[in-house]
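K.L.:
Okay, here's what each chain looks like letter by letter:
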Amino acid sequence: MAATSDWIPWVSRAREGDEDAFERLYRATRPRLYSAIAHLVDPDEAVEIVQRAFVKAWERLSDLEEDAAFAGWLRRIAINLVRDLWRGRRFHDELPEDDEPGALVEDAPDPSALAEAAQDAHRLRTAVRELPPTFREAVVLHYLDGLPVEEVARILDVPKGTVLSRLSRGRGRLKRSLTPLREVNP
Amino acid sequence: MSDPSHEDTLERALRALPPLAGEDDWPDLKRRLGARRTFRSRLRRSRSTLRWVAACLTVLLAVGAWQTLQGRRSVVASSGLELRTWTRAHQEAVQHDPLADPWAEALAEASP
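Going line by line, the protein sequences match chains A and B.
Residue 183, in our numbering, is where the first sequence stops; the numbers in between run on with no holes.
Residue 115, in our numbering, is where the second sequence stops; the numbers in between run on with no holes.
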């Protein structure tokens, strides 16, 4: 969303049916929303999901109780649309069994290799896109979108601890996919 | 996970990823909102007509149900009347001629 919260006054005006205010709201909040969604699905799908999220937001704006909550509320609408898309593909709930956090301790990657790989934005984005969907949601919303864990938990409708766990496991997966594993001495 | 420097590197890199920029398409969104509004306003405009149609259908259904019920009642009544008429005629016939009753006739023939 916008770096500042300048868009907040437009929410109430848009709720009254002011299309110009909604356009301002759209232009202010769309870029960050698009960036987050484009890390979850293909760019073309992200365009469509963002547009549909704004249509839903326009229609349900009267349900929004707090103007300042618009950004998070819009995120939730968009995430639900993304989940609908994933559900259609039937892979949303697939979680590999080997994603126990403890398993990552021994599989520590080479720090210099990780640092090098992480600098490669394309490689990093690809690794994020290859994360299982539940990890990807948490990683994208927290690290790429910059939302605090509490806000991510609200948007994903899960406890804070679940978000922290998904972030931890997501990071572990990213490390493993970005770098070759260092040999562990017995 | 055990070495915080790894985590910092990865987290920093993730946070530093430049955002993905997509095309701003307000005209498309405006068109979509307009289409929704058109549909809604059309629905709102035709709401009174729909209400009338629903009321008429309800009345028609009620009349139909009432008529069906009445029809059943008249069938029952007419069959009741038919039975009463037949019984009365039979009783009168038996009064005048006891053997008019086929049962009585059969009994009379069977008795010695």
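A hint or two may mislead.
Claimed, not checked - What follows is a list of derived Cβ distance ranges for each label pair:
id: 1; chain 1: A; residue 1: Pro40; chain 2: B; residue 2: Pro30; range: 32 to 38 Å
id: 2; chain 1: A; residue 1: Glu20; chain 2: B; residue 2: Gln70; range: 55 to 61 Å
id: 3; chain 1: A; residue 1: Asp17; chain 2: B; residue 2: Ala65; range: 35 to 41 Å
id: 4; chain 1: A; residue 1: Arg57; chain 2: B; residue 2: Ala24; range: 24 to 30 Å
id: 5; chain 1: B; residue 1: Arg54; chain 2: A; residue 2: Val146; range: 27 to 33 Å
id: 6; chain 1: A; residue 1: Ser9; chain 2: B; residue 2: Ala24; range: 14 to 20 Å
id: 7; chain 1: B; residue 1: Arg34; chain 2: A; residue 2: Arg73; range: 41 to 47 Å
Said to hold, decoys possible - Residues from chain A that face chain B, not an exhaustive set, calculated with beta carbons under 7 Å:
id: 8; residue: Arg12
id: 9; residue: Ser32
id: 10; residue: Trp55
id: 11; residue: Trp83
id: 12; residue: Leu141
Think of the hints as simulated: they come from the structure by calculation, not from any bench.
Beta carbons are placed, not taken as given, at the ideal position from N, Cα and C, and that holds for glycine.
K.L.:
Does each hint hold? Answer for all of them.
P.N.:
Hint-by-hint comparison with the structure:
1. The beta-carbon spacing between Pro40 (chain A) and Pro30 (chain B), approximately 19 Å, falls outside the hinted interval of 32 to 38 Å.
2. Glu20 (chain A) and Gln70 (chain B) have their C-beta atoms about 59 Å apart, which keeps the hinted 55 to 61 Å range intact.
3. The hinted window of 35 to 41 Å between Asp17 (chain A) and Ala65 (chain B) is violated, with their beta carbons roughly 50 Å apart.
4. Our hint of 24 to 30 Å for Arg57 (chain A) and Ala24 (chain B) holds, since their Cβ atoms are close to 27 Å apart.
5. The hint said 27 to 33 Å for the Cβ distance between Arg54 (chain B) and Val146 (chain A), and at roughly 51 Å that hint is violated.
6. Between Ser9 (chain A) and Ala24 (chain B) the Cβ separation comes to about 29 Å, which falls outside the hinted range of 14 to 20 Å.
7. Taken as a hint, the range 41 to 47 Å is violated for the pair Arg34 (chain B) and Arg73 (chain A), whose Cβ atoms sit roughly 25 Å apart.
8. The criterion of a C-beta within 7 Å of any C-beta in chain B is not met by Arg12 (chain A), whose closest approach is roughly 14 Å, and the hint is violated.
9. At its closest, the beta carbon of Ser32 (chain A) sits 4 Å from a beta carbon of chain B; the interface hint therefore holds under the 7 Å criterion.
10. Because the smallest distance between the Cβ of Trp55 (chain A) and any Cβ of chain B comes to about 6 Å, under 7 Å, the interface hint for this residue holds.
11. Taking 7 Å as the C-beta cut-off, the interface hint given for Trp83 (chain A) is violated, the closest approach to chain B being about 19 Å.
12. Because the closest C-beta pair between Leu141 (chain A) and chain B is about 6 Å apart, less than 7 Å, the hint holds.
Checked against the numbered hints listed earlier, the structure breaks hints 1, 3, 5, 6, 7, 8 and 11; every other hint is satisfied.
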